[in-house]
Amino acid sequence: MIEALRFGRVLILFPGASSDLGVVARMLADKRVGLEVPRDDKDGSFTANSMSESIRQVIVKEGEEPRKNAWAMKEIFGNVKLQTKYLDEFARVLEND
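According to numbering that gives the first Met the number 0, the stretch in the sequence shown is residues 0 to 96, in order.
Among the clues, some could well be false.
[Stated by the list, open to error] List of simulated lysine-lysine pairs, DSSO-like, C-alpha gap at most 27 Å:
| hint | residue 1 | residue 2 |
| --- | --- | --- |
| 1 | Lys73 | Lys60 |
| 2 | Lys30 | Lys67 |
| 3 | Lys30 | Lys84 |
| 4 | Lys30 | Lys73 |
| 5 | Lys67 | Lys80 |
| 6 | Lys84 | Lys73 |
| 7 | Lys30 | Lys60 |
| 8 | Lys30 | Lys80 |
| 9 | Lys41 | Lys67 |
[Stated by the list, open to error] Taking CB as the label site, the calculated pair distances span:
| hint | residue 1 | residue 2 | range |
| --- | --- | --- | --- |
| 10 | Asp96 | Asp29 | 28 to 36 Å |
| 11 | Glu74 | Asn48 | 20 to 28 Å |
| 12 | Lys41 | Arg91 | 46 to 54 Å |
| 13 | Glu2 | Arg91 | 19 to 27 Å |
| 14 | Gly43 | Lys73 | 28 to 36 Å |
What the hints contain is simulated information worked out from the structure, not anything from laboratory work. Glycine included, each C-beta is placed from N, C-alpha and C at the ideal position.
Could you put together the complete structure from these sequences and hints?
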């Protein structure tokens, strides 16, 4: 996910397998940097049609806003100096506790 946002790519989100994936997928879909693939309500499965329709929506139908938002995320996730600063600050907090 971070790698895609680092390059300003729109995400195709698969909620499910582990407990936090659904929450993260919904949050990123709400931020309009990706599109959550619809799942079957009964068993939680994905279909080839739901997958292809999700990709089509991102690329063709609703692509402009998610592309713009994902590109804006590139400024955060693609900024090596900013990421280094965050890691250094995090390390300092760990060392001081």
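> Is the hinted pair lysine 30 and lysine 80 satisfied, with a Cα-Cα distance of at most 27 Å?
Replying inline: 24 Å, holds
> Keeping to a limit of 27 Å between CA atoms, is the pair of lysine 84 and lysine 73 held or broken?
Replying inline: Roughly 16 Å between the alpha carbons, so the hint for lysine 84 and lysine 73 holds.
> Has the given pair, lysine 30 with lysine 60, been kept, meaning a C-alpha gap of at most 27 Å?
Replying inline: 17 Å, holds
>> Please check whether glutamate 2 and arginine 91 have a Cβ separation lying inside 19 to 27 Å.
In response: Holds, since glutamate 2 and arginine 91 (Cβ atoms, about 26 Å apart) stay within the stated range.
> Cβ-Cβ distance between lysine 41 and arginine 91: within 46 to 54 Å?
Replying inline: 49 Å, holds
>> Next pair to validate is lysine 73 with lysine 60; report whether the Cα-Cα distance is within 27 Å.
In response: 22 Å, holds
> Is it true that the C-beta distance of glutamate 74 to asparagine 48 lies inside 20 to 28 Å, as the hint says?
Replying inline: 35 Å, violated
> Honestly, do glycine 43 and lysine 73 meet the 28 to 36 Å range at C-beta?
Replying inline: Once the Cβ atoms are compared, 32 Å apart, the range 28 to 36 Å for lysine 73 and glycine 43 holds.
> Does the structure keep lysine 30 and lysine 73 at a Cα separation of 27 Å or less?
Replying inline: Judged against 27 Å, a Cα distance of about 14 Å means the pair holds.
>> Is 28 to 36 Å respected by the C-beta to C-beta distance linking aspartate 96 and aspartate 29?
In response: Since aspartate 96 and aspartate 29 have Cβ atoms about 32 Å apart, the given range 28 to 36 Å holds.
>> Need the status of pair lysine 67, lysine 80: alpha-carbon distance at most 27 Å?
In response: 22 Å, holds
> Does the structure keep lysine 41 and lysine 67 at a Cα separation of 27 Å or less?
Replying inline: 34 Å, violated
Comparing the model with each numbered hint stated earlier shows that hints 9, 11 do not hold.
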